[in-house]
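Visitor: Let chain A serve as the given structure and place chain B on it in line with the hints.
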Amino acid sequence: MRSFILLLGLLLVGGCGGEGESRAKTVPVKARPDAPFHFVDTAEAAGLRTITWCGRPEKPHLLESGGTGVALFDYDGDGDLDLYLVNGWRLEGSEVVERGRDVLYRNRGDGTFEDVTREAGLGLDAWGCGVAVGDIDGDGHPDLFVTNFGPDLLYRNNGDGTFSAVPDSPGIDGWSAPAVFFDADGDGDQDLFVGGYVEATLEEVLHAKPTLSWKDRDVMLGPFGLEGLANRYFENDGRGRFVEATDKAGLTDVGEYFSFAVAALDVDDDNDLDLYVANDSNPNYLYQNDGSGRFQEVGLWSGAAFDVNSAAQAGMGVVPGDFDNDGKIDLFVANFAQDSSTLYVNAGDCLFVDESQPRGLRDPTYGPLSWGGALADFDLDGDLDIFVANGHIYPQADDPPPTGTSFAQPNLVLANHDGHLQDVSRNAGPGLEVVRSSRGSAVGDIDGDGDLDLVIANVDTPTTLLRNDTQPRGAWLLVSAAGAHRVEVTAGGRRFVRPYVSGGSYVSASDPRFHFGLGEVERVERLAVRWADGSETELTDVAVDQLIEVNR
Amino acid sequence: MLPKNKGAVMKNKCLIMSVLICVAAGFAWSQETPKSMVETYDALADSILALKRVEEHFVRSMLDGHRHGAEAYMKAGDYRRAAAEIALFASEGDNAIGGVRKRLVEGGHHHHADGEAKGLYDPGFVVVTRKAKQQALAASAALLAAKTDDERNKAWQQFVAVADSLEK
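Protein sequence lines correspond, in order, to chains A and B.
First residue of the first sequence? That's 1052 in our numbering, and the numbers climb one at a time after it.
First residue of the second sequence? That's 20 in our numbering, and the numbers climb one at a time after it.
The shape of chain B in the complex, shown without the other chains:
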């Protein structure tokens, strides 16, 4: 039984080999990297950085969805579901998203490599900082444990403050 990612590894190896052959060919006729390659890499960089921005937009849309979901459930008086939406906001999505994030991290993609090293972000997190995650989860727990409307409002405001702080 081959591991599932063996095919992908082979593809990557072929791609890397092709690039290396091109680079070797370039060096064969001059002492500088050919301009066409610089331009190609530059265009590639645009795409890579654009993808990173797309990733951030995607995660922000997901967070908006969970925030609005929480708001709707709060208005409907379904505090359990509101708390669940807040927790999904804190975790940047459910476990299925967590699985995707795990795959990205294992593949070497860290949206905030520097921030992770400093302990500011959990591995693979894009928008929600570790501190914001903790505060939002605390708000979710407080909402679940709340017995009065005052306590619920306080928990909700706690979450709104966290969510607002993450908006650009």
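Chain A with its partners taken away, still in its complex shape:
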């Protein structure tokens, strides 16, 4: 793998036309031709055996429902994706019986992982929730920010395989859930936004009793009846030190809504990064950036705060991507059970239209309680399919008499057929038959074969690693372009746009590189990378089936 990266280094391109080297493809056993997708859970064989805890089995407090997130990132710069798994605590009665430790797994490059937590100086035993990845000091090594029930923690990547906890870490001392690094003010460094969920104390968690009645059984209270915890924003001073600037930036959480997911993205294509926050049981926020790092909340009039019925939903996760291949970034928002997930199609000028029903999203997503997800071209046919991680918050759903739902729920894969979604989960391989109560998920090419795999954090059970063994329907291209705002590819006469996205899913971080499924093409006619300052790097006649690195 290292030799491959060295080879790749020789292919660095910047401004001039060129083509990269094809990347060796390891081809696993592929799916039946009649099966559209084929995923295999290889977690155990790969060595991912950590159980991610979240309170007691009966979950009397809302904190015990949130589960944890996961990050896919290359911490050691060896070219493959490593994995950071956030862990919570295990409770029995009103006692803490195990403080689950976060785990860093190094990808060995052969389909297996090794636990390098201790060597890396990690292994936090706080009650963890989520994770964000960003290069806070511009040294080229991705750093980590972990949200906790309690103080959050920032880890600086030392560049030698180890991390150091940053003293006086920015964050929220409470139940923070999502976080995202992004260059809000266009000054070239990574700022930080942290989402707060609800006010709670450990005492309250330990002594909580189910007080809400749901389908004739007692379940946990919340989020209504609990106090919201305000979001916070921190500006990077350029040296990796953070100063709170929430109000100054216009990101004051005026409603103190229950924020569960956040993504930074350029919704209006004006080359700055806006912010979308999915709120549980409240309108979602869309903060439009004026280019200087000052934001205005436009969710209420942009159409992205409510569903088609003008109702606030219970947002749990958000995934941006160009679903309809029109070059504009759309939003997939995962919602609570007995309510559809929502597909907000970008109509331009910061206007979104809920097209969940006509696109076929409503029916498959109405029943389950959805969290993390991905908009990814799993079969490389040139359009973005949808993955959704599901799991109920009430374990009492499994108590007799039947409720029509369950705590553990099947995850979903929805195939994109010309902009219309088809639920193909039941014909998507044994990996989709693994049924747990899933929460955070991240997507990336974990095994380096050119297609996109998934890793999913589950409540009180081990992680799921879905290796994508789908028969490819086309070529692929993976573009590594740190600092890019948007990558556009023209191949076979079709245009594909992948905007830069940071954060998203549910409290998780996916591979930040730009992945393209291209359909049946032999070459890429044009590859254009747009940078943060609006300038572009253009390449022509680029080979497919390769990882190509483009530097400014």
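Calculated directly from the structure, the hints in this document are not laboratory data.
Please note that the accuracy of each hint is not assured.
As the list claims (entries may be wrong) - Dumping the calculated DSS-like pairs for lysine-lysine here, alpha-carbon to alpha-carbon at most 30 Å:
| hint | chain 1 | residue 1 | chain 2 | residue 2 |
| --- | --- | --- | --- | --- |
| 1 | A | Lys1266 | B | Lys150 |
| 2 | B | Lys166 | B | Lys94 |
| 3 | B | Lys150 | B | Lys173 |
| 4 | B | Lys150 | B | Lys187 |
| 5 | A | Lys1379 | B | Lys166 |
| 6 | A | Lys1299 | A | Lys1379 |
| 7 | B | Lys137 | A | Lys1266 |
| 8 | A | Lys1379 | B | Lys173 |
| 9 | B | Lys71 | B | Lys137 |
| 10 | B | Lys150 | B | Lys71 |
Guide: Below, chain B without anything else, positioned relative to chain A:
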């Protein structure tokens, strides 16, 4: 760390205890509620109902403000801001007001409890019905998407019809 509302909860508990002691004292010397208590409660009811009316007046003033704001922006040709004002009208205020509404609902105050149960109002909404909210948001979106003056006027009239229908 105590939750912020713990103090308020304690105050409420003290108040309820005082009232219960008074009621118990009243029952100690007769089989009917003392007239003074009935009168006090009657006066209290006046205040409660008056507060509800004040709440409605307040929300109507806020809606008037957003309507006039929208009108002014329409006249100035700033359609984006006009659409934003219409959306704020539809949502009975911005997210800060939404936060206040959330607090009221969580505290058990529903201006239209019956209407909410029937699906006619969103939780905590005072004037704007669910249907009117939907129509006003549609008008806001139509105004944003409009390319011609005709389309803008149509969207505006759509909003005016909704706003007029909510006037008493």
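Visitor: Quick one: which hint numbers does this structure break? Sort them smallest to largest.
Guide: none
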